[in-house]
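K.L.:
Chains as they are written, first to last, in the working numbering: chain A, 1 to 335; chain B, 1 to 273; chain C, 1 to 405.
Hints were generated in silico from the structure; no laboratory data involved.
On a predicted model such as this, the values are computed, not experimentally measured, just so you know.
Some hints here could point you the wrong way.
Unchecked claim - Okay, derived cross-link-like pairs now, DSBU-like style, lysine-lysine, Cα gap no bigger than 30 Å in a straight line:
1) B:142 x B:218
2) A:206 x B:218
3) B:252 x B:115
4) A:231 x C:77
5) C:174 x C:224
6) C:182 x C:224
7) B:267 x B:252
8) B:252 x A:206
9) A:315 x A:8
10) A:231 x C:297
11) B:267 x A:206
12) B:246 x A:231
13) C:77 x B:246
14) C:174 x C:297
15) A:186 x B:267
16) A:186 x A:315
17) A:231 x B:218
As the list claims (entries may be wrong) - Across the chosen pairs, the derived CB separations fall in these ranges:
18) B:112 x A:34: 57 to 63 Å
19) C:367 x B:126: 57 to 63 Å
20) A:34 x B:237: 54 to 60 Å
21) A:92 x C:385: 50 to 56 Å
22) B:266 x A:320: 41 to 47 Å
23) C:77 x B:108: 45 to 51 Å
24) A:320 x B:162: 16 to 22 Å
25) C:50 x A:302: 53 to 59 Å
26) A:39 x C:215: 37 to 43 Å
27) A:260 x C:353: 55 to 61 Å
28) C:73 x B:254: 24 to 30 Å
29) C:73 x A:176: 52 to 58 Å
30) B:268 x A:39: 52 to 58 Å
Here a beta-carbon is modelled for each residue, glycine too, at the ideal position from N, C-alpha and C.
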Amino acid sequence: MKTMSITKRIAGALALPAAMYLIMMALCYSHGKMYYGTWTMWRSLLVDIGISATCAFGIGLQFKGGRFDFSGGAIMLLAAIIAGNAAVENGNNILVFILLCFGVSMICSLLVAAVYIYGRMPIVIVTIGMTLLYEAVSCLIYNGAGINITGVASLKVFSQFPLVLVPLLMSVMISVFYSYFTTTGKRAVLLANGQSVAVSIGIQEKRNVFTSYIYSGLLFGLASLIYASTKSLTGAFSSLQTVGELFSNILPVFIGLALIPFCGDTIGMIVGALTLCLMSFGLKASFTAEFGASLAIAMTGVFMFVFSVVTAQGKNIGRRLLQSFGGKKPGAHKE
Amino acid sequence: MSNVIVTVLMSVGSVFVYSLGNMDISLGKQVGLYATLMVLITNQTGSLLPALMLCIVIALVFATINGAIGQLLRIHPIIPSMVIMFVLSGVNSMIYVNIGSRNIRLTEISNAAFKSPLIMFIVLLVEILIVAYLFRFTKCGKYARAIGANPMAAQQCGVNLIRYKVIAYMIMGICTVVASVFQMGYTAAASDGTGTGFEMNVMVALILGGMPLSGGMKSRVASAVVGAFTFALLDVGLPMIGIPMKVASIIKAIIFLIVVFITCRQKGDRLPR
Amino acid sequence: MKKSIALALTLLMLAAVFAGCAAPSSEPAESVAANAPAAPAAAAAAPAQGGTLIYLSSMTSGKEHEAAVAMFEMMGKELGYSISVVYGDMSNDPAANLQAVQNAMTDDVVGLIVSQSGGVSEMMAEYPDLYVVGTSIDLNEVYGEGGLYADLLENDKFLGTIGNALISGSDIGKLHADYVLKNGFKKVATMMFPPFAFPQFAAADAVLRGEIAAYNQSAADADKIEIVGDAQVLMFAAVDDNYFMESAHQDLDCIVVLADGIQFVYPALKNAVDAGTMNPNVKMITGGFSSEPGFEKEIIDGLIGAVYAPAVESCIYSMVVMDNALQGKPSSDFEPLQVDGPYLFIETAEQRDAVLNNSIIVSASPEDAAMSWEEIKQHLTRFNESATQSNLIEAVQGVSVASYS
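Using the sequences provided together with the hints, build the complete structure.
P.N.:
Given below as structure tokens:
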């Protein structure tokens with residue numbers, strides 16, 4: 001089988017963010033925003049990429065296993081609130097903060113896994129139910145006040161450069177380790193692509209699910225480290241309010257899965273997060289706050305649509321373009 | 001009452017789409033847009049009819065996009081609905097920025113009819129009967145369930161996937177417009193937050209009613225009715241008996257899990273997907 | 001068998017829903033009418049014997065919310081009312097607010113205290129016998145020119161409102177302009193919530209700019225104040241980091257935030273200062289107070305130069321007016337007015353410490369309120385028949401930072 005050359009791989013992986021960078025740069029410069037592309041911009045963007053990518057890894061881990069998990073946003077929120085408040089009560093102790101972010105995320109994830117495994121209900125239903133439960137808990141604890149640690153320098157280190165790279169790199173390592181160096185990760189792929197066959201050949205599906213949720217709990221814990229430090233959080237008083245967080249962060253997952261042939265899904269998700277963050281930053285910088293915010297949301301949707309069409313139909317589109325420019329018709333033979 | 005009626009009207013219409021195995025996450029934003037347009041156009045023209053017609057046309061366009069694009073372009077069906085959700089988010093926001101107010105109120109016609117429980121009941125009954133008839137006794141419903149059960153088999157049997165998916169979304173779209181009339185009409189107002197989270201309410205209602213999210217032959221209109229009423233009762237009833245809102249949320253979540261445990265639990269050696 | 005039972009249960013449920021939801025104003029109105037007078041002016045009806053007051057809150061959590069609820073509960077307990085707290089819609093959606101009130105409605109509800117404006121008119125139409133008073137809300141939809149709910153002024157059951165601090169954009173603008181002028185800032189920028197949701201902030205911004213322009217006309221060149229660009233609109237989301245990357249914003253010495261700056265501006269500003277891309281001596285004047293960890297050092301000594309926060313004691317006005325009406329004894333000069341709320345303007349370390357150590361917005365304890373229960377009683381006509389609305393307004397508006405010193 002022909003394998004892709006390294007040059008093609010790199011080009012394929014970087015084409016999307018490079019194109020987005022150039023387009024947004026042109027847009028920003030045309031509006032006089034000359035700071036686009038500077039180191040200051042990248043420092044700020046890294047934080048957004050950090051949240052987006054780590055969250056995407058958590059969602060993507062389950063998505064690759066054929067499980068659509070709605071509970072990620074609620075888990076992050078609950079972990080951030082509990083860990084943040086506990087850390088503050090213990091004299092702004094960062095160790096307490098880190099341990100509780102991981103601990104609460106993992107416990108919440110394992111609870112989802114337990115309900116799924118022993119409840120034997122479809123995963124979407126389980127995760128919706130657990131999301132409702134976690135959101136309700138976030139409204140009860142600490143009187144629903146949430147947490148705001150944006151003023152605590154010692155706790156918000158993960159929302160600033162360079163420490164924002166720590167959770168990002170750790171999530172990359174965990175994701176890669178799970179996918180390529182653990183039997184759980186490899187078996188998860190088998191289960192996703194042929195559940196009956198995989199179970200028939202002896203793969204312990206329950207153990208596999210349990211283990212995968214430990215890893216996704218770790219990833220959401222990393223995401224909540226950054227998430228808690230970047231903004232003021234309150235309890236989720238509307239049902240399934242945190243699902244919006246999920247739908248924002250699932251887009252890098254789709255991009256990552258589309259870029260598998262070039263760079264694998266892990267790098268692909270980072271590329272996806274980078275592309276979307278570049279676009280959002282550029283649009284908000286170029287337009288007024290009211291218009292920019294609305295435009296960024298709308299353009300994110302349009303971009304995803306175009307991206308999905310291109311990845312699904314790219315070969316057909318390419319072939320038709322070639323034909324229209326005088327290329328071979330399908331079925332035509334070489335003479 | 002308006003909360004109940006809107007959830008039920010939307011859920012009943014959504015049965016068609018959920019029976020395909022799809023879900024539409026742009027419903028809430030659509031309700032917001034339709035309610036806003038109804039108030040604005042009715043205030044301009046003095047009659048609800050032009051607004052209603054326009055909203056139905058827009059709903060049919062969205063239905064065509066949602067139903068056809070996914071199938072034609074071979075992309076996941078949630079992508080077009082996600083796109084519509086994002087676009088409408090931006091559009092709704094810009095409408096109110098341009099109006100210069102967060103709320104708009106219906107001034108040209110009386111909204112007494114929309115608050116009448118009798119009219120709500122009649123509209124609901126008519127919609128349930130029509131949708132149930134379409135779902136059980138016509139090709140639209142049968143083919144929607146068949147597509148949800150096995151799209152490949154349905155296609156091989158000669159079912160035009162695009163046509164029946166579009167029809168399913170159109171039925172849901174029209175029901176959404178009807179729901180928007182009552183949502184707007186009950187308070188004779190619309191705001192930039194109208195419709196927020198409604199798609200999640202519909203999803204939870206259908207799940208509570210026992211609707212399989214993968215669609216297929218086990219889909220029933222009754223699931224929507226029972227689930228939507230159950231959901232609305234929980235939403236309305238728990239605060240009514242004096243349970244504080246924060247505790248009511250936990251109770252709702254636990255009841256949801258218990259109900260789905262009873263109705264959706266599956267046996268077998270494989271975990272359900 | 002199972003299907004029959006399921007069908008029977010479904011029919012029962014449907015019947016219960018329609019029975020419960022039909023004729024929404026029948027039962028509550030009847031029981032309220034038995035206890036409350038038909039109009040505030042009619043003093044002949046028997047006084048209300050307690051009951052429940054629904055408090056439609058615009059906040060769901062936080063110290064300010066806890067403090068307001070604690071104050072209402074304290075006053076309610078003294079007066080024989082129970083307080084039912086319901087949460088308004090985050091977007092002020094009329095239907096959602098109405099739904100929240102409907103869900104909480106019981107036979108013994110005698111009044112509504114609202115801090116959300118969406119749906120107020122519909123609530124009064126749905127429950128025509130309930131008194132309604134605003135708290136911490138300007139209700140410009142009632143009082144503004146061509147307001148959506150202007151017809152409420154004709155309704156005898158509408159008791160007016162007290163604002164969330166100052167109501168007039170002009171007053172807000174002047175307050176902030178005075179701070180800028182007093183402190184000798186030279187390069188200023190402004191930020192605000194969207195005008196379509198908070199038109200008073202747009203008016204305040206215009207007045208602020210007008211005041212500074214007037215000052216500049218007579219000032220020496222070296223003393224002139226520059227306002228950079230138009231007001232940055234915060235669309236209910238934090239300001240983007242790119243705001244502080246613009247070269248024109250990097251040497252600002254004052255940022256006037258006509259919004260909750262602590263939540264929406266501070267994180268990005270702090271990041272920019274820490275990254276070295278922003279003047280480290282910049283001062284932000286912002287709405288909203290925070291006793292959250294880390295902020296006690298930031299206010300006055302740090303990036304937050306001054307705080308303009310509503311005082312929770314505004315709820316005293318609402319409760320007094322409501323009770324007077326329910327007792328059938330409105331004060332002799334009563335009118336359903338739109339009253340400016342008390343506010344705390346913190347611009348020194350002493351004031352900050354006084355608020356942190358002694359005020360109700362940090363402790364959420366009614367004992368720390370600026371007005372004691374004995375003082376409040378003086379404005380209740382059931383205890384003091386000569387109590388007047390003007391005295392009440394003066395007393396409540398007199399609450400300031402000095403009250404906690």
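K.L.:
Confirm or reject each hint.
P.N.:
Outcome of the hint check:
1. Straight-line distance between C-alpha atoms of residue 142 (chain B) and residue 218 (chain B) comes to about 11 Å, which keeps the hinted pair within the 30 Å bound.
2. Proximity of residue 206 (chain A) to residue 218 (chain B) is assessed by CA-CA distance (about 27 Å); at most 30 Å being required, the pair is judged to hold.
3. As the CA atoms of residue 252 (chain B) and residue 115 (chain B) are separated by approximately 27 Å, the hinted pair is consistent with the 30 Å bound.
4. Distance check on the hinted pair: residue 231 (chain A) and residue 77 (chain C) sit about 37 Å apart at the alpha-carbon level, beyond 30 Å; violated.
5. The straight-line distance between the Cα atoms of residue 174 (chain C) and residue 224 (chain C) is roughly 18 Å, inside the 30 Å bound, and the hint therefore holds.
6. Between residue 182 (chain C) and residue 224 (chain C), the direct Cα distance comes to roughly 13 Å. Compliance with the 30 Å bound is thereby established for this hinted pair.
7. Using a Cα cut-off of 30 Å, the hinted pair residue 267 (chain B) and residue 252 (chain B) holds, with the two alpha carbons roughly 26 Å apart.
8. Straight-line distance between C-alpha atoms of residue 252 (chain B) and residue 206 (chain A) comes to about 28 Å, which keeps the hinted pair within the 30 Å bound.
9. The hinted pair formed by residue 315 (chain A) and residue 8 (chain A) meets the criterion: a straight-line CA distance of about 16 Å does not exceed 30 Å.
10. Restraint check: the Cα-Cα separation between residue 231 (chain A) and residue 297 (chain C) comes to about 19 Å, which is no more than 30 Å; the hinted pair holds.
11. Restraint check: the Cα-Cα separation between residue 267 (chain B) and residue 206 (chain A) comes to about 14 Å, which is no more than 30 Å; the hinted pair holds.
12. A C-alpha spacing of about 23 Å is found between residue 246 (chain B) and residue 231 (chain A), which places the hinted pair at or below 30 Å, so the restraint holds.
13. For the given pair, residue 77 (chain C) sits about 22 Å from residue 246 (chain B) by alpha-carbon distance, which is consistent with the 30 Å threshold.
14. With a CA separation close to 27 Å, the supplied pair residue 174 (chain C) and residue 297 (chain C) stays within the 30 Å bound.
15. Between residue 186 (chain A) and residue 267 (chain B) the alpha-carbon distance is near 26 Å, which keeps this suggested pair within the 30 Å criterion.
16. Simply put, residue 186 (chain A) and residue 315 (chain A) have alpha-carbon atoms about 29 Å apart, close enough for the 30 Å limit, and the pair holds.
17. This hinted pair does not check out: residue 231 (chain A) and residue 218 (chain B) have alpha carbons roughly 44 Å apart, beyond 30 Å.
18. Between residue 112 (chain B) and residue 34 (chain A) the CB atoms are about 59 Å apart, so this pair conforms to the stated range of 57 to 63 Å.
19. In this structure, residue 367 (chain C) and residue 126 (chain B) meet the distance hint of 57 to 63 Å, their C-beta atoms being roughly 59 Å apart.
20. Range check, residue 34 (chain A) to residue 237 (chain B): about 59 Å between beta-carbon atoms, so the 54 to 60 Å window is met.
21. At roughly 54 Å, the beta-carbon separation of residue 92 (chain A) and residue 385 (chain C) lies within the given 50 to 56 Å, and the hint holds.
22. The supplied range of 41 to 47 Å is met by residue 266 (chain B) and residue 320 (chain A), whose beta-carbon atoms lie about 44 Å from each other.
23. Take residue 77 (chain C) and residue 108 (chain B): their Cβ atoms lie about 46 Å apart, and the range 45 to 51 Å holds.
24. At roughly 20 Å, the beta carbons of residue 320 (chain A) and residue 162 (chain B) sit within the given window of 16 to 22 Å.
25. Taken as a hint, the range 53 to 59 Å holds for the pair residue 50 (chain C) and residue 302 (chain A), whose Cβ atoms sit roughly 58 Å apart.
26. Range check, residue 39 (chain A) to residue 215 (chain C): about 38 Å between beta-carbon atoms, so the 37 to 43 Å window is met.
27. Remark: the range hint 55 to 61 Å for residue 260 (chain A) to residue 353 (chain C) is upheld by a beta-carbon distance near 59 Å.
28. Taking the beta carbon of each, residue 73 (chain C) and residue 254 (chain B) are about 28 Å apart, inside 24 to 30 Å as hinted.
29. Between residue 73 (chain C) and residue 176 (chain A), the C-beta spacing of about 55 Å keeps the proposed range 52 to 58 Å intact.
30. About 56 Å separates the C-beta atoms of residue 268 (chain B) and residue 39 (chain A), a value consistent with the hinted range of 52 to 58 Å.
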